[in-house]
Amino acid sequence: AQKVTQAQTEISVVEKEDVTLDCVYETRDTTYYLFWYKQPPSGELVFLIRRNSFDEQNEISGRYSWNFQKSTSSFNFTITASQVVDSAVYFCALSAPNTGFQKLVFGTGTRLLVSP
Amino acid sequence: DTGVSQDPRHKITKRGQNVTFRCDPISEHNRLYWYRQTLGQGPEFLTYFQNEAQLEKSRLLSDRFSAERPKGSFSTLEIQRTEQGDSAMYLCASSLYRGLHTEAFFGQGTRLTVV
Chain Y
1 AQKVTQAQTE ISVVEKEDVT LDCVYETRDT TYYLFWYKQP PSGELVFLIR RNSFDEQNEI
61 SGRYSWNFQK STSSFNFTIT ASQVVDSAVY FCALSAPNTG FQKLVFGTGT RLLVSP
Chain V
1001 DTGVSQDPRH KITKRGQNVT FRCDPISEHN RLYWYRQTLG QGPEFLTYFQ NEAQLEKSRL
1061 LSDRFSAERP KGSFSTLEIQ RTEQGDSAMY LCASSLYRGL HTEAFFGQGT RLTVV
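Those sequence lines, one after another, are chains Y and V.
Read in order, the letters of the first sequence correspond to residues 1 to 116 in our numbering.
Read in order, the letters of the second sequence correspond to residues 1001 to 1115 in our numbering.
Pulled out of the complex, with its shape left as it was, chain V reads as follows (with noise of 0.2 Å):
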């Protein structure tokens, strides 16, 4: 399978506890984007990565989170002290530029639930 993977693909914590996602992209997809899905709506944009540099952040992303993508492949996403506010899908997406825009194509997700 070459396609985007994210794991876990489910995730249920209780408020206030760390979790981490993990994404792996495309090989050789040197663009990197999380967004976050709430039921009923479509995902928004978080943040994203060109090779391991962060290049931008939404101000969705409070400093309870953090994202990663130490050598321009895998990222993680951390959030601390989870709120129940918190629970969504969080999509990992990743695309290859070489100067111009090409579609993203996203991962399955992993489903966060706080209790």
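Just chain Y, same shape as in the assembly (with noise of 0.2 Å):
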């Protein structure tokens, strides 16, 4: 089975500062695949990032970055300089063989406020 554990329930932080989104996946499979979705308000999931297990180089788009460790099963999202606009719920998500890779397994998700 695969599972998901986003432990921060909700982060706040001050704009500019660097905040970090931590993410921690549980699968037996050798291969699958990681994502991070932004949630606004609005609802809707945004795609941020997919990231398929052979592959642990780090990546960085703008601000954003993330950290693939396959060591510690994990994989955290960081911020830097955050802006008000990057108030959202985040969510990590797993796709693994055993489904067909169709399915996302969800964390319940890290709240981030990000006051002016």
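Keep in mind that the hints are not guaranteed to be accurate.
Derived lysine-lysine pairs resembling DSSO-like cross-links, with alpha carbons at most 27 Å apart [unchecked claim]:
| # | chain 1 | residue 1 | chain 2 | residue 2 |
| --- | --- | --- | --- | --- |
| 1 | V | K1071 | V | K1057 |
| 2 | V | K1071 | Y | K38 |
| 3 | V | K1057 | Y | K38 |
| 4 | V | K1057 | Y | K3 |
| 5 | Y | K3 | Y | K70 |
| 6 | V | K1057 | V | K1011 |
Pulled from the structure, derived: some chain V residues nowhere near chain Y, Cβ distances all over 12 Å [as the list claims (entries may be wrong)]:
| # | residue |
| --- | --- |
| 7 | T1020 |
| 8 | S1027 |
| 9 | L1046 |
| 10 | R1064 |
| 11 | K1071 |
| 12 | E1078 |
| 13 | G1085 |
| 14 | S1087 |
| 15 | L1091 |
| 16 | Y1097 |
| 17 | E1103 |
Looking from chain V toward chain Y, a few residues come up when the C-beta cut is under 7 Å (computed) [what the hints assert, rightly or not]:
| # | residue |
| --- | --- |
| 18 | G1042 |
| 19 | N1051 |
| 20 | F1065 |
| 21 | F1074 |
| 22 | F1106 |
| 23 | G1109 |
To be clear, the hints were calculated from the coordinates, so they are not data collected in a lab.
Using N, Cα and C, we set each Cβ at its ideal position, and we do this for glycine too.
Two chains, two frames, some hints: make the complex.
What follows is the structure, encoded as structure tokens:
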């Protein structure tokens, strides 16, 4: 079975602070995909990144960066110089071969509040 | 707008009534998914289609729930005899499958409130 844990329920920061959102996953599969989605108040889940299990290279996209560590089963997400527009709920998710990679298993999300 | 579109955005219904939601995926996307999200939780998989074929249904999808994608384009999700526990956000997503897994793109969801 697959499981995703986002232990941080809510994080509050002041604009321009850096913030890291933690994600720990569980799977017995050697091939899997990890994702981060952003859910603003409008409700739509916005795709941020997909990473396959064979690619442990960290990725940076503007103010966003992701740290994938298979040794600790973690896929953490850092926002540098946070902005008010970053306020949202962020979900980490996993897909694996036993579902044909069709089902996303989500964590419970981390609500990020960025105040001016 | 070429994203995933869901209608209605909000629905309030009385317990025991039937409701139907519609999802229009991104054109040319052959896979369509339904998820349910309750307050404070992440989305939970309900079912998915490849073209018009429904290929998997979660145990969460009781007999009161039915989903269709008759022509491999838009999809409908119907809930019969609604219960208060059905109150949730129903999210639709689509993806283009060509033998390799790709990311799913989500709509804004339909928020259902059963009173």
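Right, here's what the structure says about each hint:
1. V:K1071 <-> V:K1057: Holds: K1071 (chain V) and K1057 (chain V) sit about 19 Å apart, inside 27 Å.
2. V:K1071 <-> Y:K38: violated, 31 Å
3. V:K1057 <-> Y:K38: holds, 25 Å
4. V:K1057 <-> Y:K3: holds, 19 Å
5. Y:K3 <-> Y:K70: Holds, because 15 Å separates the two Cα atoms, which is no more than 27 Å.
6. V:K1057 <-> V:K1011: holds, 23 Å
7. T1020: holds, 19 Å
8. S1027: holds, 18 Å
9. L1046: violated, 10 Å
10. R1064: holds, 21 Å
11. K1071: holds, 21 Å
12. E1078: holds, 21 Å
13. G1085: G1085 (chain V) clear of chain Y: closest Cβ-Cβ about 19 Å, beyond 12 Å.
14. S1087: holds, 15 Å
15. L1091: violated, 7 Å
16. Y1097: At roughly 9 Å from the nearest Cβ of chain Y, Y1097 (chain V) sits no farther out than 12 Å, so the non-interface label is violated.
17. E1103: It is violated; E1103 (chain V) is separated from chain Y by about 5 Å at its closest Cβ, not greater than 12 Å.
18. G1042: Holds, because the Cβ-Cβ distance from G1042 (chain V) to chain Y comes to roughly 3 Å (cut-off 7 Å).
19. N1051: violated, 14 Å
20. F1065: Violated - the Cβ of F1065 (chain V) stays beyond 7 Å from chain Y, reaching only about 16 Å at its closest.
21. F1074: At about 18 Å, which exceeds the 7 Å cut-off, the nearest Cβ of chain Y leaves the hint on F1074 (chain V) violated.
22. F1106: holds, 4 Å
23. G1109: Holds. Min distance 5 Å.
In this structure, the earlier hints numbered 2, 9, 15, 16, 17, 19, 20, 21 are contradicted, and the remaining ones agree with it.
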